[in-house]
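Asker: Sequence:
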Amino acid sequence: MAVRFKGSKAAGLDRLSPFRFGRIRDQVLVTNEAGGFVLLSEGEFEALMEGSLDEGSPKHEELKSKHFFRSDEATASLARDYARKNAFLFSGPYLHIVIVTLRCNEVCVYCHASRRDVSEVAFDMKPELARQVVDTIFESPSPVINIEFQGGEPLVNWETVRFLIDYSVEKNRTARKKLEFSLVTNLSLMDDAKLAFLMSNNVQICTSIDGPKAVHDHNRKLLKGSSYDQAVQWMRKADQAYREKGLDPDLYHVEALLTVTRETLKHPREVVDEYVRLGRKAIFLRPLNPFGFAARTFQSIGYTPDEFLRFYFEAMDYMIDLNRRGVEILERTAAILLTKMLTPVDPNYLDLRSPCGAGIGQVAYNYDGTVFTCDEGRMLYQQGDDMFQIGTIPESRYQDLTGSPTVKALAVASCLDNIPGCVDCVFKPYCGVCPVYNYAQQGGIFGQMPTNERCRIYRSILEYLFGRIAGGEKQVLDILTKWTIVRDRSVFFSHD
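If you want our numbering, it's the position in the sequence shown, counting the first as 1, plus 22.
There could be a bad hint or two in this list.
Cβ-Cβ distance ranges computed for the label pairs, FRET-style [as the list claims (entries may be wrong)]:
(1) Asp239 - Leu35: 58 to 66 angstroms
(2) Asp272 - Gln154: 32 to 40 angstroms
(3) Gly425 - Ser99: 28 to 36 angstroms
(4) Met409 - Gln154: 23 to 31 angstroms
Below, simulated EDC-like cross-link-like pairs (lysine to aspartate or glutamate); rule was C-alpha separation at most 20 angstroms, straight line [as the list claims (entries may be wrong)]:
(5) Lys243 - Asp214
(6) Lys288 - Asp239
(7) Lys193 - Asp239
(8) Lys267 - Asp213
(9) Lys216 - Glu181
(10) Lys107 - Asp343
(11) Lys148 - Asp188
(12) Lys259 - Glu277
(13) Lys259 - Asp214
(14) Lys450 - Glu161
(15) Lys81 - Glu66
(16) Lys199 - Glu181
(17) Lys267 - Asp214
(18) Lys148 - Glu181
(19) Lys259 - Asp213
Source of the hints: derived by calculation from the structure; they are not laboratory data.
Bear in mind the structure is a predicted one, so any value in this text is a computation, not a measurement.
Glycine is no exception: its CB is placed at the ideal position from the N, C-alpha and C atoms.
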């Protein structure tokens, strides 16, 4: 935005700490490096720049409390806030994605995994390799370890999943880390014995629900029967098992993920209603990514950023309206961004941090021992591009993986201070880029933000959220603030 000053210069600048600014509705948003923000009228912003903002005014006090005015005390406080927000830089990879198989019994229109038929057992991870993967995982200095089992459909290779859990628990008796397990599954191969084992080991279960049954079954085709019916049946059984353990159902339940296709765009309210009907308190409205099968079928199932954003904003408006009426439902992307905006902590969401989590926050281990900076890099490998491979188990040690030139390059490419269009963006404290996405869509790991569709989507969501805050409606702010509350779920960390 253009700024005009009444005087010959902006006399107030020498009193201000570094900040960024941009327009939100008819107001000016100013942000600092630690994520503090203030919304000003244009007159207040001009007065701030000219050094004439009334020192007794509420806005002056708000700016002072958020360290926008330069002083030794403010600089020290700003440094502490910045260090707290960026504490993830010193912990090492905590998310370890293990692809136990490429085999799957569903055919999804957007498949990100380049699936194999259930008969092709050569695409399973073997127990001995699984042991070596766990040994590598425990070399991470992170005090928290989350091992996430993916596929294909991981339950196809149940014996390896079970071995990975048993061996990790055994290894942690001496490692004493906070150990957490997550299983991403379509649930169609679940049975009572598997569920009992998962519950006894406090494994978080996550499945896919793409909306009402017709939409879900359109997107996710089970070879026999309805994928929706299978998922919902076992969601309910697992939720009941959590309750029988005496756990709060608001905290302990099967998480559900949604992937938005062109078919989904027609049903924003119906999708939200389905999650509410199933008792879910959160929905993750994720756009398609350009990897795996989705890259080859995008013409039939994809959409433009504007089409996705229309869907997203209608769903968001509807969720806020439901919350006004006492129905609890939040959107995960918004909750992540709001946590960055409204609280002093960072949720460490690997896709929205600087630098991103590739190789320094997460590592992905393929069924065959190949290792990647992230699951997105592994998806490109399944298409024949090994750009983001950083090693092979058992040949590569932990130091070889995280110290690889590829990891270093991605850290540089995802550090927002290095990226034109990001370094001076008002939303920099809350955002992050994905070099793998940039590589797949724009031909290089350094993204070109003016034409970057991922940037367009996140920037628009941030504008929407700040716009709702700028509207000044207390009930809306209370709802959005509530979305940032994180309650303790330490039962999932019962392996330390």
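Asker: Now tell me, hint by hint, if it's right for this structure.
Answerer: For each hint, the structure was consulted:
1. Roughly 59 angstroms separates the CB atoms of Asp239 and Leu35, a value that falls within the hinted 58 to 66 angstroms.
2. Between Asp272 and Gln154 the beta carbons are some 39 angstroms apart, a value that agrees with the proposed interval 32 to 40 angstroms.
3. Checked against the given bound of 28 to 36 angstroms, the beta carbons of Gly425 and Ser99, roughly 34 angstroms apart, stay inside it.
4. Checked against the hint of 23 to 31 angstroms, the pair Met409 and Gln154 passes, with Cβ atoms roughly 24 angstroms apart.
5. Among the hinted pairs, Lys243 with Asp214 is inconsistent with the structure: their alpha-carbon atoms are about 23 angstroms apart, more than 20 angstroms.
6. Taking the CA atoms of Lys288 and Asp239, the gap is near 15 angstroms; set against the 20 angstroms cutoff, the hint holds.
7. Our distance criterion of 20 angstroms between C-alpha atoms is broken by Lys193 and Asp239, whose separation comes to about 40 angstroms.
8. Only pairs whose Cα atoms come within 20 angstroms are accepted, and Lys267 paired with Asp213 is accepted, the gap being roughly 18 angstroms.
9. In summary, the hint linking Lys216 to Glu181 is supported, as the alpha carbons are separated by about 10 angstroms, within the 20 angstroms threshold.
10. Note on Lys107 and Asp343: the hinted pairing is violated, with a Cα-Cα distance of about 31 angstroms set against a maximum of 20 angstroms.
11. Between the alpha carbons of Lys148 and Asp188 the distance comes to roughly 15 angstroms, so the proposed pair stays at or under 20 angstroms and holds.
12. At most 20 angstroms may separate the alpha-carbon atoms for a hinted pair to count; Lys259 and Glu277 meet this at roughly 13 angstroms.
13. For the given pair, Lys259 sits about 9 angstroms from Asp214 by alpha-carbon distance, which is consistent with the 20 angstroms threshold.
14. Restraint check for Lys450 and Glu161: not satisfied, since their Cα atoms lie roughly 32 angstroms apart, outside the 20 angstroms limit.
15. Between Lys81 and Glu66 the alpha-carbon distance is near 8 angstroms, which keeps this suggested pair within the 20 angstroms criterion.
16. Restraint check for Lys199 and Glu181: not satisfied, since their Cα atoms lie roughly 24 angstroms apart, outside the 20 angstroms limit.
17. Taking the CA atoms of Lys267 and Asp214, the gap is about 15 angstroms. The hint holds against a cut of 20 angstroms.
18. A threshold of 20 angstroms between alpha carbons decides the hint, and for Lys148 with Glu181 the separation of about 9 angstroms falls inside it, so the pair holds.
19. Taken as a hint, the Lys259 and Asp213 pair is honoured in the structure, with Cα atoms around 10 angstroms apart against an allowance of 20 angstroms.
Hints 5, 7, 10, 14 and 16, counting from the list given before, are not met by this structure.
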